[in-house]
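S.K.: Note that the protein sequences, when read in sequence, are chains F and A. Residue numbers for the first sequence follow the numbering used here, beginning at -17 and rising by one. Residue numbers for the second sequence follow the numbering used here, beginning at -17 and rising by one.
Since the hints were made in silico from the structure, they are not lab data. Keep in mind that the hints are not guaranteed to be accurate.
Which copy? The list can't say, so a pair holds if one copy fits it or any two copies do.
[Stated by the list, open to error] Heads up, simulated SDA-like pairs for lysine to any residue below, C-alpha to C-alpha not over 20 Å straight-line: (1) K227 - C447; (2) K98 - E346; (3) K141 - R330; (4) K238 - N271; (5) K144 - D363; (6) K332 - D363; (7) K98 - D272; (8) K141 - R22; (9) K290 - R328; (10) K26 - P67; (11) K141 - L413; (12) K141 - A186; (13) K444 - A260; (14) K98 - V110; (15) K15 - V352; (16) K(-4) - M82; (17) K15 - T383; (18) K290 - K444; (19) K98 - M333.
There are 2 protein chains.
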Amino acid sequence: MVNGRIEKNPSGLKIFFEPKSVAVVGASRTPGKIGNTILRNLLKLGYEGQIFPVNPRAEEIEGLQSYASVAAIPEAVELVVMAIPAHLVLEVMRDCQKKMVKGVVIISSGFSEAGKEGMERQRELVRVAAEAGIRIVGPNTTGILNPEGRFTTTFVDLKGVKKGSIGFVAQTGIFAGMMFQWIFSSQHFGLSKVIGLGNKADVADHDALDYLAQDEATRVVIMYLEGVKDGRRFLASVDRLVQKKPLVVMKGGKTKEGAKAAQSHTGSMAGRDEIFEALFRQAGAIRVNDFEELLDLGKTFAYQPLPKGNRIAIISLSGGAGVMATDACPESGLVLASPAEQTLARFREKMPPWSRPGNPFDIEPLSEVVTQEGAYRLSLDVLLSDPGVDLALLIMSTTRTPQIHADYVIEVARAHPEKPVAVCIIGEASLYHRLFQIMEEANIPVFVGVRRAVASLAALYKYRCFLDNLSRKS
Amino acid sequence: MVNGRIEKNPSGLKIFFEPKSVAVVGASRTPGKIGNTILRNLLKLGYEGQIFPVNPRAEEIEGLQSYASVAAIPEAVELVVMAIPAHLVLEVMRDCQKKMVKGVVIISSGFSEAGKEGMERQRELVRVAAEAGIRIVGPNTTGILNPEGRFTTTFVDLKGVKKGSIGFVAQTGIFAGMMFQWIFSSQHFGLSKVIGLGNKADVADHDALDYLAQDEATRVVIMYLEGVKDGRRFLASVDRLVQKKPLVVMKGGKTKEGAKAAQSHTGSMAGRDEIFEALFRQAGAIRVNDFEELLDLGKTFAYQPLPKGNRIAIISLSGGAGVMATDACPESGLVLASPAEQTLARFREKMPPWSRPGNPFDIEPLSEVVTQEGAYRLSLDVLLSDPGVDLALLIMSTTRTPQIHADYVIEVARAHPEKPVAVCIIGEASLYHRLFQIMEEANIPVFVGVRRAVASLAALYKYRCFLDNLSRKS
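Same shape as in the complex, but just chain F (with noise of 0.2 Å):
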């Protein structure tokens, strides 16, 4: 659907991530119920806004006024959530029509992904959406969560959601409310706005991109993609956001058999994949290939700051791990940097004679004298004030002792704001855990894989190089 005085306006999807007030149609007072869940969800948030339940059979739900239908709604409501049987949403739809809604997020399934009738449903329902001007997400989504704007459409469980500076765009309902839950209880990061597709009715790809674009909040976006709907639009959408912010996609659907999947699923057409490769390639876009790599890459874009160039060093306390790191890096354009004559004279100075300080640097003579977490702190210091470092990946070891390590680390990262650290750890469980908290609480992505961090990185470097080039352009 084309609506022209929205699509020109830049937040145009406002309305859907900041509603004055919203009905939820299918409100229920049985917990575990989708409508249910959405209610509880939006109080649970502190959602300050207006909540009007719509429930035929119920005067109040969780503490709040219950309706009959929107229009018997007596206030104002700038937006309705569905989670109602898909034959049920036309007639909803109508209600929003008399009553100026202004946008819908229908979370109900049974359209163009359910055969033939649905595709007939989501047919009529563009139709009645075009001529009361009411903007759609989904049908067949888990919808918008803003956690700090404290709204949400979504029936996820919202335990350990955070806000921070990653915007999310999904595709998939099932997939994203996966996801989602994954990203709240396992990772630190937070997020700024999400807005899961669905069928893309009527909000698109393209939408999400210009909203995020503007959005100050959003400091990245990642995005589940398996088709797009309008290809020339996506494009010029992703042009805009890449000179403003980085993108990282997972795109399903990049062999012959993964497309056939994703028509067969979401009713999208995938489209020939080389051309979303050059598409992703010629824009800046970053693609990944799986989940875990679209959040090591988020929360690294998220944290980090751009290196200016790519010369990594690389700080490990075993030597080994400090080579399957090396071997990662020509692959992902990463090099080794040559560190100065001054910068080893000042390891020299306190390791034994016998050992040799270079990149990778092995430090594991020098903490023999200056101890483990002193090497840690000498070693990134030393080596984040040569020139000739753009980068730094820090392989730890646990410790029974994580702040003290952890603060030395974090210390001397703060004193060299412009050259982007990760860090890998490996050893305990439990103290991996501390670690990783206090470590990510100051903006330090970690690892367990070198491999994942290499290319966590390397991504920072990659983006730098995008807009290195269109500057060079203009």
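Assemble chain A onto chain F, guided by the hints.
M.R.: The following block gives chain A in isolation, referenced to the frame of chain F:
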């Protein structure tokens, strides 16, 4: 060192894993010191042989009578562990010779990895050992761990250690220690035998592989390697091993930069990597590029059978995750199975008329009819019963009833013992961990990322192909 008698004996390293008695030279009363932790680890594991602490300044350590020297021990000593400064090692070796000790594990660093003086010291060590007919593990290593035999020489915290069927050969001391702790504390699988080779003054990679090849408790061998001591013997040992069990190798020094780094920290020549690459491929060893991948493949081989072919069924609660898994198949060598018409008919009976069963199989529509757990069970059972399916990946969400969901999946997997199954779980972290525990206890490997799951299943097929080729040749 070549010791004819022992070399020809395939169980030549038995003395290191199952000694009747062990002396710990450098035993300490101070908690946290290496010489104390080794003793505590032996006691904690419940080692049933005799333990002789050796420390000239103590009469009793950890409740055990201490001796001034190895020579002063009144009984026979089979194995000696040394955790003392490098310059004292040779003197103790001479004591060991008098005492007819069969093997020594040298934890101490300060040998070939430590400059010219260290190299000279190692040469002398090897000379003395050869003369005395004593075999050496190390120096510069954490040494031995045999959870089933309750023996160890390691100073790594053993909290969480479990016996199992994965043999682990590690080259480098600190990295090995860090990896052990991660395995003990975060992984469900157990280890059969672990050997840290360190500087390989005597016992080398090929000895370790020969020993593990004949070790009945070991079902799969995982290995971290930087260089080999004797290429020809290594190749011969790999050849013998892979005829009996799979070998997964993470080799540092893959790139020019990595090879240089490996050389400088263990003094081992990484060798030209193309040669290793060809060697691994020809010999049927499976190479991985990161520590996380090493564990993924190790546990999958330990838990699951080899498939008869490469036709995979992908079953997913989330269509999107199913698409991502499908995309990962072609590059890994797996192909999507084409379910038989009667297989699809069994699904159609139960599914909404608009939905289409296929592969990847999006079970959301089915779960609306038979519940989520019912859909996992039915789809996995029906697809594994199809003769055109060789192996399966099931992608689940977390659930508030993990036991019920897991039991269903386990029951079906057990009913098809000849077909490998792996599971991806995405969702709330604590519920993930519960499902993880139950599933892995039942030998079903669990992953978060779909690519890692697909790569692990694909490794089973690669090894099957290698074995099939072998039997065709013979």
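S.K.: Against each hint, give a clear statement of whether it holds in the structure.
M.R.: Consistency of the hints with the structure:
In this assembly of identical chains, K227 and C447 lie within 20 Å of each other by CA distance solely inside one copy; the values are 13 Å within and 46 Å between copies. Taking the closest pair of Cα atoms, K98 and E346 come within 20 Å of each other only across two copies (18 Å); inside a single copy the shortest separation is 66 Å, beyond that limit. In this assembly of identical chains, the alpha carbons of K141 and R330 never lie at most 20 Å apart, being 50 Å within a copy and 37 Å across copies at closest. Within a single copy, K238 and N271 get their C-alpha atoms as close as 15 Å, which meets the 20 Å cut-off; across copies the closest is 27 Å, which misses it.
In the homo-oligomer, the alpha carbons of K144 and D363 never lie at most 20 Å apart, since the shortest distance is 31 Å inside one protomer and 40 Å across protomers. For a Cα distance limit of 20 Å, the shortest separation of K332 from D363 inside one copy, 14 Å, qualifies, whereas the shortest one across copies, 64 Å, does not. In the homo-oligomer, the alpha carbons of K98 and D272 never lie at most 20 Å apart, since the shortest distance is 32 Å inside one protomer and 47 Å across protomers. Taking the shortest alpha-carbon separations for K141 and R22, only the intra-copy value of 12 Å comes in at or below 20 Å, while the best inter-copy value is 41 Å.
For the homomeric pair K290 and R328, neither the shortest alpha-carbon distance inside one copy (24 Å) nor that between copies (59 Å) is at most 20 Å. With identical chains, the CA atoms of K26 and P67 are never at most 20 Å apart, being 26 Å at best within one copy and 60 Å at best between copies. Taking identical chains as interchangeable, the C-alpha atoms of K141 and L413 lie at most 20 Å apart only when they sit on different chains, with a minimum of 12 Å there against 23 Å within one chain. Taking the closest pair of Cα atoms, K141 and A186 never come within 20 Å of each other, the shortest separation being 28 Å inside a single copy and 51 Å across copies.
Taking the shortest Cα distances, K444 and A260 sit within 20 Å of each other inside one copy (15 Å), while across copies they are farther apart (32 Å). Within a single copy, K98 and V110 get their C-alpha atoms as close as 19 Å, which meets the 20 Å cut-off; across copies the closest is 83 Å, which misses it. In this assembly of identical chains, K15 and V352 lie within 20 Å of each other by CA distance solely across copies; the values are 17 Å between and 59 Å within a copy. In this assembly of identical chains, the alpha carbons of K(-4) and M82 lie at most 20 Å apart only when taken from the same copy (16 Å versus 82 Å across copies).
In the homo-oligomer, the alpha carbons of K15 and T383 lie at most 20 Å apart only across protomers (16 Å), although the nearest pairing inside one protomer, at 45 Å, exceeds that limit. Within a single copy, K290 and K444 get their C-alpha atoms as close as 11 Å, which meets the 20 Å cut-off; across copies the closest is 42 Å, which misses it. Taking identical chains as interchangeable, the C-alpha atoms of K98 and M333 lie at most 20 Å apart only when they sit on different chains, with a minimum of 16 Å there against 74 Å within one chain.
When the structure is compared with the earlier hints, violations turn up for hints 3, 5, 7, 9, 10 and 12 and for no others.
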